[in-house]
Amino acid sequence: MSLYQVQKLIYELNRDPRTRERFTAGRDAVLAEYALTDEEKGALTRPDIGLLYVLGVNGQLLMHFAALHKIEWPDYLERMRQGLKDHGQVREGVYAATGYEGVP
Amino acid sequence: MPLVYCGACSHAPGITARAERADPAKRAALESAFHRMGEEIRATRPDALVVIAAEHFANFFMNNMPAFAIGMADSYGGPIEDEAFLKIKRTTVPGNKALSRKLIEKVMQTVDVAYAEEWKFDHGISVPLHFLTPNYDLPIIPANINCQGPPLAPLARAWAFGEALRTAADSVPERIALIGTGGISHWPATPDSGKINAAWDQEFLRRWSANDREALLSYTDAETYRDAGQGGFEIRTFIAAAAAARGAKGTVQFCEPVPIFAVSCTIARMAIAA
Chain A
1 MSLYQVQKLI YELNRDPRTR ERFTAGRDAV LAEYALTDEE KGALTRPDIG LLYVLGVNGQ
61 LLMHFAALHK IEWPDYLERM RQGLKDHGQV REGVYAATGY EGVP
Chain B
105 MPLVYCGACS HAPGITARAE RADPAKRAAL ESAFHRMGEE IRATRPDALV VIAAEHFANF
165 FMNNMPAFAI GMADSYGGPI EDEAFLKIKR TTVPGNKALS RKLIEKVMQT VDVAYAEEWK
225 FDHGISVPLH FLTPNYDLPI IPANINCQGP PLAPLARAWA FGEALRTAAD SVPERIALIG
285 TGGISHWPAT PDSGKINAAW DQEFLRRWSA NDREALLSYT DAETYRDAGQ GGFEIRTFIA
345 AAAAARGAKG TVQFCEPVPI FAVSCTIARM AIAA
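Protein chains in written order, with the working numbering: chain A, 1 to 104; chain B, 105 to 378.
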């Protein structure tokens, strides 16, 4: 489990245009710079927002990673919900779901 | 000069990013409350505005996370977010490096604050400024309390940080205004985004308005997480602003839960004697 490494990569992608360019040009080279499991690499590559959420990625990082991939807000929320259905409750961190269902 | 203005407001990215999805009347009322807050700040003729924010990994990460930080630059860029997402144009906001340094040296007498000569604003500062100083003509001194990556500084230290900022502001010849900005209860960027504990918010704001130190500091993080979500950790910014008001009482000028903005949108002011 290397949630810290996953979050570090997303943090760099969110704030550093050069990391974004490098990631777009060749994801594998950027991914290789972080100590990631295959599950994490897959989630970052597809990208699988639902799985990243369940892995424990902080929402303040994840929502911008989603925006970077042109994922609209309602779709972002839906992908996290689907992630919970597919993979169970959030495994780490402070962004666990509480079962609220009134969201627009 | 003694501090000239002290207040608090929301900073939720939805306020600009999802503005058109809110009830138009509520949106207009919030925006006009924000604009009124901006006018009230300007009416105190400040030389600089200290913004105590809770940033979201625009600058600080878990590799080297300061509990408290203050910007020390002549300008700051932002917002860091995708412009199309946040719907705020990227710009350069003026700072005041020399004034920052004076304030930091004073704050350091009691609180071990980190300083940052580079600082990128995120929605935590950019959303309030979009309404409060839309022309970006007032120098900003950003301050930050880590509310994202636990372990977080205890609430009593957030209070101490606010007190230290007040002492610092009072010690310089410049006229300093100060705001805290954060959410109260909210579950932002989770599937529960839109959940708001309005009763909890009202009680928190009652304690804030009464400037009841003991009551404000009595929340444990476990209680806050349970009742107000991880977004509730941002009460640290409101608590620091209350401390900076040094006993003055507050008025909640606007408070309305707006689920699509994911918070009880709040504008509040402390009646400090300027």
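It should be emphasised that the hints constitute simulated quantities derived from the structure, not laboratory data. One should not assume that every hint holds.
Stated by the list, open to error - Computed far set for chain B versus chain A, every beta-carbon distance over 10 Å:
{"no.": "1", "residue": "Thr-195"}
{"no.": "2", "residue": "Leu-203"}
{"no.": "3", "residue": "Pro-254"}
{"no.": "4", "residue": "Arg-279"}
{"no.": "5", "residue": "Asp-296"}
{"no.": "6", "residue": "Lys-299"}
As the list claims (entries may be wrong) - One side of the interface only, derived from the structure: several residues of chain B facing chain A at Cβ under 8 Å:
{"no.": "7", "residue": "Arg-122"}
{"no.": "8", "residue": "Phe-161"}
{"no.": "9", "residue": "Met-169"}
{"no.": "10", "residue": "Glu-187"}
{"no.": "11", "residue": "Trp-291"}
{"no.": "12", "residue": "Ser-297"}
{"no.": "13", "residue": "Gln-334"}
{"no.": "14", "residue": "Gln-357"}
{"no.": "15", "residue": "Phe-358"}
Ideal Cβ placement from N, Cα and C applies to all residues, glycine included.
Evaluated hints:
no.	hint	in the structure
1	Thr-195	17 Å, holds
2	Leu-203	26 Å, holds
3	Pro-254	6 Å, violated
4	Arg-279	33 Å, holds
5	Asp-296	4 Å, violated
6	Lys-299	4 Å, violated
7	Arg-122	6 Å, holds
8	Phe-161	5 Å, holds
9	Met-169	12 Å, violated
10	Glu-187	10 Å, violated
11	Trp-291	7 Å, holds
12	Ser-297	6 Å, holds
13	Gln-334	4 Å, holds
14	Gln-357	26 Å, violated
15	Phe-358	21 Å, violated
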